[in-house]
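Chains as they are written, first to last, in this note's numbering: chain X, 1 to 404; chain P, 1 to 503; chain Y, 1 to 153; chain R, 1 to 106.
If you're looking for bench data, these hints aren't it; they were derived computationally from the structure. Treat the numbers as computed from the prediction; the structure is a model and nothing was measured. Please note that the accuracy of each hint is not assured.
[Unchecked claim] Okay, derived cross-link-like pairs now, BS3-like style, lysine-lysine, Cα gap no bigger than 27 Å in a straight line:
#, chain 1, residue 1, chain 2, residue 2
1, R, LYS87, X, LYS276
2, R, LYS41, X, LYS276
3, R, LYS99, R, LYS87
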Amino acid sequence: MNAVVLIDTLLLILVTITAVAIIEVRNLYASVMLTSVYSLLMALVWVNMHSMDVAFTEAAVGGGISTILLIGTLVHTAREERPIKARVHWKALLVTAVTGAALIYGTFDMPRFGDPHAPIHHFRVPEMMAQTVGFANGTKGKQAPPEGFDAREYRSFNGRVADIPDDPTDTAWRETSVLAQDGIIVPKVIGHAAHAPVHDDAGHHPHPADDFNGHVPNSVTSLLAAYRGYDTMFETTVIFTAGISLIMLLRRPRRQGEAQVGAPMVDQAVLRVVTKMSVPFILLFGLYVITHGELGPGGGFQGGVVIACGFILYALIFGRAALYRVLPPPVIDVLTGLGVLLYSGTGAACLLLGGQFLDYSMLNRLSPGDGESLGMTLVEYGVGITVSMVMLNIFNQLAEEQPT
Amino acid sequence: MIDVQAHLPVLIVTIPLIGGVLTIATGRGWKPWAWATFLTGTVFYLTLRLMAQVLASKTGVVSYELGNWPRQWGIEYRVDALNAFILLIVGGVGFITTVYAKLSVEKEIPADRHHFFYAVWVLALCGLLGITVTGDAFNVYVLLEISSLTVYALIAMGKDRHRGALTASLRYLILGSVGASFILLGIGYLMMITGTLNMQDMHERLMSVPGIQQSRTVLVAFAFLLVGLSMKMALFPLHMWLPRAYTYAPSAVSALLAATATKVGVYMAFRFLFTIFGVGFSFGMMPSGLVLLGCASAGIIITGITAIRQTNLKRMLAYSSVGQLGYIVLGFALANVHGVAGSVAHIFNHAVMKGGMFMALGAIVYRLDRCDIRSVRGLGKQMPLTMAAFTVGGLGLIGFPLTAGFISKWYLVQGCLERPHMWPLAGVVLLGSLLAVVYIWRVVEAAYFQQPDPGTPRVEEAPLLMLIPMWALIGASVFFGINATFTGDIAMRAARSLIGGGP
Amino acid sequence: MTHVLGIYNYWIYVLLMMIGLYGVIAKPNLIKQAIALGLFQTGIFLYYISMAVIDDGTAPVWFVDPQDPGQKFMGPYDNPLPHVLILTAIVVSVSVLAVALALIINIRRAYGTIEADQIEVMDQQDRLAEFRAGATLDAADAAELAGVGGHHD
Amino acid sequence: MLWNEIVTTVLLGLGCVVSLTGALGLLRMPDFYTRLHTAGKTDSLGQFLILLGLVFVTPDLLTQIKLVGVAMILMIAAPTATHAITKAAHLNDLRPWTKRDPGGEP
């Protein structure tokens, strides 16, 4: 038993207890706060499983935005759940029991938790992690691998996984056998001199021969923005859709001189000073997270949520009128669409430059040497702009409702 | 400039995406509608070209690798005869419905949010087209969520006419999300076992790895995908969301949904059952054939009876849609060439017929503000073209010869008779038609043989902008009923490739 | 022990999903249903992330020596693919939540309550009225039939 | 054991003890204000000590700076949040608990 499994076990027990409490608590505010707690616990679970990007998102979304949305709704609806007679809903219990039993039945043939033999670790994914997909198969006009390139060496960077051959008939994982624990693998450098091109004229660092010229150490971002960048474009569209659906369903024509609901807290000295101090740093941090996504955890979505939180904080303390002076509603609407357009526009630009949709290597014509990087940065900014503005818009719509 | 021919699959999805986002900047009045019409018209044109490209290609498959990553790692767009056909349906009906939508939307949606409405409308089409064109399992999920979210919002826009639209939408949202989550879960189980997300890749792994088909994980993945897809396409016991949603949605939205949304759900079922799992696994190893046949037959009969009892015609057509979906499922659950061909053909036929009929109801709502059986009394004389369209569409639902419905039912009956011991299903198909005769006749009787309530004001025929799209669809159903070569050929071609195990 | 721990995560994910599903079906409060839907989806996220874990793995971010960016260090790294998918799914779930809440606010405006059972009663009344208004039969027959016709939905 | 590990152990231990007292206070205290009082104070100090403890075992200067930055932000944000919550409660006429008037909070 290693530390990951131990912490995981304890955290998941806490998570489960919280989940039961969320469902059973009658006060809706308490339920919402518990949801926030639940999300933060989940973020810890993700961190424990080394999924930093997901943890970041969960903390920002579950702990932050969802809670704001839910509280905003509660203000306009009800505080308490109406008491119901029967404590246990037998029909629901039966449905869940059957569904759960079916799902558990399916788990018996799964690879053990953390099994390096699992097919997902050594089929298709190693190339994506090594970022050498562009050379895979070497067919159909894909890039030719540079001289001295050794695919096996790249594959082998993923430690013990690489010792397991990619053999579709390999069924070792099915015996849920625990492999010999051969201790923590000491990080060791794999030779890079063999295939790293020398300094180019532009004075760039020597790049290893991979899909992104070594610019993207965070493989989550490389998958998110490049290999599966098309999914992410639609992810941004989903957010955009949610934003305009909300406007369509909630926005009322603004009347002149309508009293602003919810007094701003601008007369609270402590809050005012602290907010004034921290909002610029929050926005800066948001931008940092968006830009830094290629190098470490973070990216457009997380950064966008952070920026939205900065603006929301500002609106809470200084009032929405003050926010609208900085960002008038029409500007927010325009920016909402602009993010999606930036993303899809990047894709279309690749198309116009003669490649496939979202083929960032085409951007090398605009910015030799780091076109992929440029494309991914643009795309991340697109996500960031849309996400932050949609979140802000949703907050504004909920806040503009007349409380009941 | 770019070579449109080489990029057709991606343009079909990205043009409505970019255009849909731009719709919010089109301002007020007729402009959002005109822009949406332009976009959907372009998409329709592109789907036609794509169809031609697929038919002309030697392999019958057009593949497009997004971002130029090899398909096993990146996301692939893969179009064969089946896809291209469904794309054509969604593109064509989407275009015609958009043309139709103008007057109906002007009447039913507040004027200050038309640009949002059309943006969501175009994005809904984008999502539906995206599901249909993709060859990547997870991409299906993301686009499914786009189309679902947009559809929830569109249904809820019926709120100003009837508050039931809100509960209908929320109910659909919860059931739809649970269904989509089941699909996500099924995809996850499959990914865990196969290690890939590409549909072709998954299929190859499922075929080549020894013992994988007996793996409990794969069995559970199959079951959950089936349940999730059934929720999404409103197969009989899981159809609870559909009647309300269709009844209370704005008229144009009902027409769009009836013609496209559930069809795309069925298409997903085709892809998962036939392309990923393969016909041998789905219908040989698993008892899904029997389960689906049972659900479909029960659905055809029970919803037929329920439809007869309805007074609200939109609700009646909604129940009828669930029943017609039963035919489609019945066809592919037979898992033989004629059955599947009947199913594919019926997707098209039902789309045009139901789309046209919902448009006719929309025209009645436009004039009368209601569409129940009492209000259509005597309407045969006052709105002759509209009622004629409804009647011809109804004949198609019945499966009357010389309408498109006849062709697909012919295939279905043939498919039933080809399977040993499955002949009672042919009886179910015929019984379903009989029930359709009853509920269509009620409307026809009221419209042509009864007098309107005394004192009700006379109404005019529906405006031309509604009649033309309506008759375009109804005319198509008659045209393809008389000349069934095109639909029949494509359906047979799609069926052969599906039964043959993947495109 | 190892056997149980090997699939422990997968059981907990089922448990979380089922708690969520129970809430969705059993709780009449619409906000509770929306929250429960979130729990249900989080269960699936847990499943995806669990499958990405590899023994002694670390976060899938290459450790790059700033002095020598050409170097890459041996892993094993956890699998980034499920992480990416779940990032997308989280975004989708918050979008669904936002739309659901917008609908709930509208429902509260239109019905005055957010309890599904009360709303259901009002919907039945609406439908009965609709049925009566639309029927071509006598009103009495219509009312009688409505109990049957309005039932199957 | 190196000196920095000893320092870290002491700081982490202290941080845990402080946080634990906070949790205990949350359970034991009679009303809203006193509970928030314990929770707010101990949390700020607890997190600060834990983060400071981590600084001494982190090899990387950049990470150390980040940890100190996080500690600073928490030192500002946590008390402010506590202040905001209590202020809101006060403005909404929530009476504090006293020995003479125990009805302030259930």
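To see whether the hints hold, each was checked on the structure:
no. : hint                 : verdict
1   : LYS87(R) / LYS276(X) : 18 Å, holds
2   : LYS41(R) / LYS276(X) : 23 Å, holds
3   : LYS99(R) / LYS87(R)  : 22 Å, holds
Every hint, counting from the list given before, is met by this structure.
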